[in-house]
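Q: Chains as they are written, first to last, in my numbering: chain G, 13 to 451; chain Y, 13 to 451.
Since the hints were made in silico from the structure, they are not lab data.
Any given hint might turn out to be false.
Claimed, not checked - Here chain G is said to cover these stretches of chain Y; the calculated rule only asks that three of the stretch's residues, wherever they fall, bring their Cβ under 8 Å from a Cβ of chain G:
(1) 59–66
(2) 81–94
(3) 148–154
(4) 213–227
(5) 242–254
(6) 336–345
To be verified - For each label pair, taking beta carbons as the anchor points, the in silico distance ranges come out as:
(7) Y:E99 <-> G:E437: 52 to 58 Å
(8) G:I234 <-> Y:D166: 45 to 51 Å
(9) Y:M246 <-> G:I234: 31 to 37 Å
(10) G:K423 <-> Y:K445: 35 to 41 Å
(11) Y:K96 <-> G:K190: 49 to 55 Å
(12) G:V66 <-> Y:K14: 53 to 59 Å
(13) G:G448 <-> Y:V34: 17 to 23 Å
(14) G:K304 <-> Y:D166: 46 to 52 Å
(15) G:K304 <-> Y:E116: 53 to 59 Å
(16) Y:F55 <-> G:V66: 37 to 43 Å
(17) Y:N44 <-> G:E115: 18 to 24 Å
(18) Y:E273 <-> G:I234: 27 to 33 Å
(19) G:S388 <-> Y:L95: 22 to 28 Å
(20) Y:K96 <-> G:F167: 48 to 54 Å
We put the beta carbon where it would ideally sit given N, CA and C, even for glycine.
Number of protein chains: 2
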Amino acid sequence: MKNIDSLIYPRWIIPIEPDYQVFENHVIAINNGIILDIIPVGFENKYNAKEKIVLSSHAMMPGFINAHTHTPMTLFRGMADDLKLMEWLQHHIWPSEKTWLSEEFCFDGARLAILEMLKSGTTCFNDNYFYLKSIGEACRQSQMRASLGVCALDFSTGYGNNFQEYLKKAEEIIEQFKCDELISVNIAPHAPYTVSDQSFSEVKKFAERYQLKIQIHLQESIEEVNESIRQFQMRPVKRLYELGVLSSHTQAVHMVHLTEEDFSIIQKSQTHIVHCPESNLKLASGFCQVQKCIEYGINVALGTDGAASNNDLDMLGEMKTAAILAKAVSQNSSALNAFEALKMATLNGAKAMGLSEKIGSLVNNKHADMIAIDLSYPNTQPVYHPISQIVYASHANQISDVWVKGKQVLKNHQCVFLDEQEIIEKANLWKTKILGESL
Amino acid sequence: MKNIDSLIYPRWIIPIEPDYQVFENHVIAINNGIILDIIPVGFENKYNAKEKIVLSSHAMMPGFINAHTHTPMTLFRGMADDLKLMEWLQHHIWPSEKTWLSEEFCFDGARLAILEMLKSGTTCFNDNYFYLKSIGEACRQSQMRASLGVCALDFSTGYGNNFQEYLKKAEEIIEQFKCDELISVNIAPHAPYTVSDQSFSEVKKFAERYQLKIQIHLQESIEEVNESIRQFQMRPVKRLYELGVLSSHTQAVHMVHLTEEDFSIIQKSQTHIVHCPESNLKLASGFCQVQKCIEYGINVALGTDGAASNNDLDMLGEMKTAAILAKAVSQNSSALNAFEALKMATLNGAKAMGLSEKIGSLVNNKHADMIAIDLSYPNTQPVYHPISQIVYASHANQISDVWVKGKQVLKNHQCVFLDEQEIIEKANLWKTKILGESL
Numbered sequence: 013m014k015n016i017d018s019l020i021y022p023r024w025i026i027p028i029e030p031d032y033q034v035f036e037n038h039v040i041a042i043n044n045g046i047i048l049d050i051i052p053v054g055f056e057n058k059y060n061a062k063e064k065i066v067l068s069s070h071a072m073m074p075g076f077i078n079a080h081t082h083t084p085m086t087l088f089r090g091m092a093d094d095l096k097l098m099e100w101l102q103h104h105i106w107p108s109e110k111t112w113l114s115e116e117f118c119f120d121g122a123r124l125a126i127l128e129m130l131k132s133g134t135t136c137f138n139d140n141y142f143y144l145k146s147i148g149e150a151c152r153q154s155q156m157r158a159s160l161g162v163c164a165l166d167f168s169t170g171y172g173n174n175f176q177e178y179l180k181k182a183e184e185i186i187e188q189f190k191c192d193e194l195i196s197v198n199i200a201p202h203a204p205y206t207v208s209d210q211s212f213s214e215v216k217k218f219a220e221r222y223q224l225k226i227q228i229h230l231q232e233s234i235e236e237v238n239e240s241i242r243q244f245q246m247r248p249v250k251r252l253y254e255l256g257v258l259s260s261h262t263q264a265v266h267m268v269h270l271t272e273e274d275f276s277i278i279q280k281s282q283t284h285i286v287h288c289p290e291s292n293l294k295l296a297s298g299f300c301q302v303q304k305c306i307e308y309g310i311n312v313a314l315g316t317d318g319a320a321s322n323n324d325l326d327m328l329g330e331m332k333t334a335a336i337l338a339k340a341v342s343q344n345s346s347a348l349n350a351f352e353a354l355k356m357a358t359l360n361g362a363k364a365m366g367l368s369e370k371i372g373s374l375v376n377n378k379h380a381d382m383i384a385i386d387l388s389y390p391n392t393q394p395v396y397h398p399i400s401q402i403v404y405a406s407h408a409n410q411i412s413d414v415w416v417k418g419k420q421v422l423k424n425h426q427c428v429f430l431d432e433q434e435i436i437e438k439a440n441l442w443k444t445k446i447l448g449e450s451l
Numbered sequence: 013m014k015n016i017d018s019l020i021y022p023r024w025i026i027p028i029e030p031d032y033q034v035f036e037n038h039v040i041a042i043n044n045g046i047i048l049d050i051i052p053v054g055f056e057n058k059y060n061a062k063e064k065i066v067l068s069s070h071a072m073m074p075g076f077i078n079a080h081t082h083t084p085m086t087l088f089r090g091m092a093d094d095l096k097l098m099e100w101l102q103h104h105i106w107p108s109e110k111t112w113l114s115e116e117f118c119f120d121g122a123r124l125a126i127l128e129m130l131k132s133g134t135t136c137f138n139d140n141y142f143y144l145k146s147i148g149e150a151c152r153q154s155q156m157r158a159s160l161g162v163c164a165l166d167f168s169t170g171y172g173n174n175f176q177e178y179l180k181k182a183e184e185i186i187e188q189f190k191c192d193e194l195i196s197v198n199i200a201p202h203a204p205y206t207v208s209d210q211s212f213s214e215v216k217k218f219a220e221r222y223q224l225k226i227q228i229h230l231q232e233s234i235e236e237v238n239e240s241i242r243q244f245q246m247r248p249v250k251r252l253y254e255l256g257v258l259s260s261h262t263q264a265v266h267m268v269h270l271t272e273e274d275f276s277i278i279q280k281s282q283t284h285i286v287h288c289p290e291s292n293l294k295l296a297s298g299f300c301q302v303q304k305c306i307e308y309g310i311n312v313a314l315g316t317d318g319a320a321s322n323n324d325l326d327m328l329g330e331m332k333t334a335a336i337l338a339k340a341v342s343q344n345s346s347a348l349n350a351f352e353a354l355k356m357a358t359l360n361g362a363k364a365m366g367l368s369e370k371i372g373s374l375v376n377n378k379h380a381d382m383i384a385i386d387l388s389y390p391n392t393q394p395v396y397h398p399i400s401q402i403v404y405a406s407h408a409n410q411i412s413d414v415w416v417k418g419k420q421v422l423k424n425h426q427c428v429f430l431d432e433q434e435i436i437e438k439a440n441l442w443k444t445k446i447l448g449e450s451l
């Protein structure tokens with residue numbers, strides 16, 4: 013008999029690999045943070061486990077991977093809604109960021125975001141912001157997995173004055189978190205309209221030198237596309253392709269208003285797309301043609317975007333929106349089916365972030381980043397197909413237990429390493445300061 | 013000092029009337045199921061209340077009105093998803109309905125739906141189905157408010173053999189519930205493609221005789237529109253207008269693919285629209301141009317549709333989808349703002365159902381159909397604007413307390429009059445039977 017850490021007995025297991033599989037009457041064996049085995053109940057007596065956990069009305073699956081967010085923006089949640097995009101950015105978001113961003117703000121905002129994400133089943137996120145040291149610190153405190161995207165642009169912010177300075181910050185962040193097994197770093201040139209050709213060339217070399225993934229906001233709006241055509245005589249996708257920035261190491265976020273040429277560039281360059289449907293709807297940016305991306309063989313991951321433009325960080329809600337919206341956009345009610353949506357929110361995110369060797373599915377030897385969803389709630393009863401109930405009918409509060417690399421971070425709906433009350437009090441202090449200043 | 017039933021002290025009150033109002037430091041006085049007063053804290057000492065309820069992190073608002081659903085279909089939730097519309101209807105939904113519908117099935121399904129709706133803040137719904145006696149019985153048992161829509165069509169079902177028989181059933185239902193103050197009855201000719209001109213004329217007379225509202229599925233898909241043009245040489249909206257069926261007593265459900273002529277017919281006939289965005293997306297039906305409806309001065313209510321095509325009955329989720337989708341569809345990020353979405357989900361529903369004298373807003377002398385939403389959860393922190401947090405970031409589990417006509421039906425997240433465990437066990441028995449039959 014082999015001594016191991018845990019045996020977990022859920023009602024259903026949805027491993028994501030292989031496709032469409034649902035195991036019943038199976039048990040998951042975990043040791044040292046690694047998935048050792050998924051076997052039929054009755055065959056686990058070869059293991060002697062320190063703990064046995066029975067989850068009799070729950071589905072177990074890999075944790076959600078939120079492939080695009082700006083965690084500190086939770087502190088601006090709901091501050092300014094229902095505005096024209098440029099009014100929102102120029103009169104609300106940018107001035108607020110200019111006034112308030114700091115290491116302390118980003119630490120408090122990231123912790124609020126991580127609290128919300130862990131409680132709704134996200135075990136890994138790709139951030140895209142400033143003051144990443146604090147965001148990484150918030151991850152360490154909460155035992156959350158993340159890739160920290162150092163935002164870089166040709167403008168001055170409180171975090172840096174020019175493109176070189178942002179790259180310098182990225183080097184510091186790489187150094188600071190190089191020994192952290194849950195934290196990786198990526199470089200995030202902001203967008204085609206805030207980064208010059210010269211800077212894109214530098215970022216390409218920088219990413220190669222440090223073997224980093226690149227994440228870019230790309231073709232988020234028709235205005236961006238039109239401006240690129242005016243200034244560079246080509247669409248943003250083509251411009252970045254010619255600059256050599258698009259590859260299998262790049263994540264293009266948003267990607268609305270795509271032409272056939274855009275699709276084929278994304279396909280041949282093996283660029284990943286990060287779809288943020290609720291942000292695209294709320295900001296009236298447009299519709300990403302997800303079904304067509306799938307038909308082109310493009311890997312599409314899912315992200316919530318920041319809380320200032322969504323306004324929650326709930327991957328279950330985002331997944332439902334993605335799945336039903338894709339059907340209307342493609343005029344095909346069998347487009348982006350429930351399993352494909354679930355894979356988009358897990359394994360596809362891991363692939364985009366270069367982490368699919370470790371996470372994104374429940375298979376032997378991967379890290380045990382797992383969530384349990386309790387399907388016994390009225391809104392998910394009765395259960396004909398657990399995958400359908402998860403994607404189309406379940407709510408974030410049904411996430412009961414969450415593990416990151418085998419360590420339980422949410423236990424019966426309560427965060428293990430975060431003090432919920434303190435985090436919310438801090439958020440309220442920030443609100444009071446921000447309102448005081450603007451009154 | 014006047015003796016009354018309750019004084020309730022929430023953190024915020026959103027009365028819906030007047031528009032955009034948010035009261036702080038106010039108290040609601042309730043007596044005999046009626047809103048007696050909403051006054052600043054400190055002025056309530058003229059009342060001697062049997063109970064005082066303090067809800068220090070909650071927003072109080074009128075209960076949601078789900079203006080279109082098919083409650084018993086909860087028992088088919090997730091049974092068949094991601095299919096082409098006709099395959100879904102002809103090979104799954106219709107055969108299942110033919111085999112399984114009965115008074116018992118509809119009673120159990122309606123109770124599951126009501127349980128889900130009460131727990132997510134819906135205090136009134138407009139049903140549209142068969143076996144309404146049982147659905148009304150489920151409402152009585154749970155103290156839920158509803159309008160029971162007797163579905164009528166030119167086809168035979170287990171409930172009736174011809175149009176006359178459905179009208180006969182409607183007469184029985186009117187008789188059965190005439191003394192129930194929470195239950196009203198409406199007549200629901202199914203759709204333009206299942207009801208003849210002759211039957212529409214009869215339904216018009218029938219509705220006038222009994223002073224009933226009429227609810228119709230109208231222009232749900234482009235196929236329906238094209239078929240109408242082929243068969244009647246006009247679009248469904250025009251055909252029904254010429255038959256005299258469209259008026260301020262009529263609710264047209266879905267209404268995608270509208271032309272300028274359709275808009276102006278709806279406007280001049282004062283027909284109400286019931287928007288079901290998640291169903292329209294999931295079935296790839298298309299997009300209702302909600303912002304344009306508002307500009308035409310049309311009253312737009314909100315519905316979830318049945319659980320077989322959504323798949324939850326969550327008005328908070330539906331409201332968020334409506335608000336963000338309207339922005340993308342109209343290419344205007346200030347379309348259908350948070351307050352307008354909240355009004356759509358409450359007062360506009362009451363107007364459509366002819367109940368706005370009684371419910372839909374928190375004003376003196378209306379019935380106390382009210383909900384409390386706890387905004388202290390991480391996903392709705394910090395609170396700059398409670399209306400924004402409710403519409404864009406809150407989840408159904410934040411509904412803590414619900415009252416229908418002053419009677420508390422949900423207390424600290426628990427249904428007062430329904431046995432949750434028993435209802436879920438019944439739902440599972442039906443699933444077992446249905447799966448057994450089809451295996």
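Q: All hints are to be evaluated individually against the structure, with a verdict given for each.
A: Structure-based check of each hint:
| no. | hint | in the structure |
| --- | --- | --- |
| 1 | 59–66 | violated (count 0) |
| 2 | 81–94 | holds (count 7) |
| 3 | 148–154 | violated (count 0) |
| 4 | 213–227 | violated (count 0) |
| 5 | 242–254 | violated (count 0) |
| 6 | 336–345 | holds (count 8) |
| 7 | Y:E99 <-> G:E437: 52 to 58 Å | holds, 53 Å |
| 8 | G:I234 <-> Y:D166: 45 to 51 Å | holds, 47 Å |
| 9 | Y:M246 <-> G:I234: 31 to 37 Å | holds, 36 Å |
| 10 | G:K423 <-> Y:K445: 35 to 41 Å | holds, 37 Å |
| 11 | Y:K96 <-> G:K190: 49 to 55 Å | holds, 52 Å |
| 12 | G:V66 <-> Y:K14: 53 to 59 Å | holds, 55 Å |
| 13 | G:G448 <-> Y:V34: 17 to 23 Å | holds, 19 Å |
| 14 | G:K304 <-> Y:D166: 46 to 52 Å | violated, 40 Å |
| 15 | G:K304 <-> Y:E116: 53 to 59 Å | violated, 46 Å |
| 16 | Y:F55 <-> G:V66: 37 to 43 Å | violated, 54 Å |
| 17 | Y:N44 <-> G:E115: 18 to 24 Å | violated, 57 Å |
| 18 | Y:E273 <-> G:I234: 27 to 33 Å | holds, 29 Å |
| 19 | G:S388 <-> Y:L95: 22 to 28 Å | holds, 26 Å |
| 20 | Y:K96 <-> G:F167: 48 to 54 Å | holds, 49 Å |
When each numbered hint is compared with the structure, violations occur for hints 1, 3, 4, 5, 14, 15, 16 and 17.
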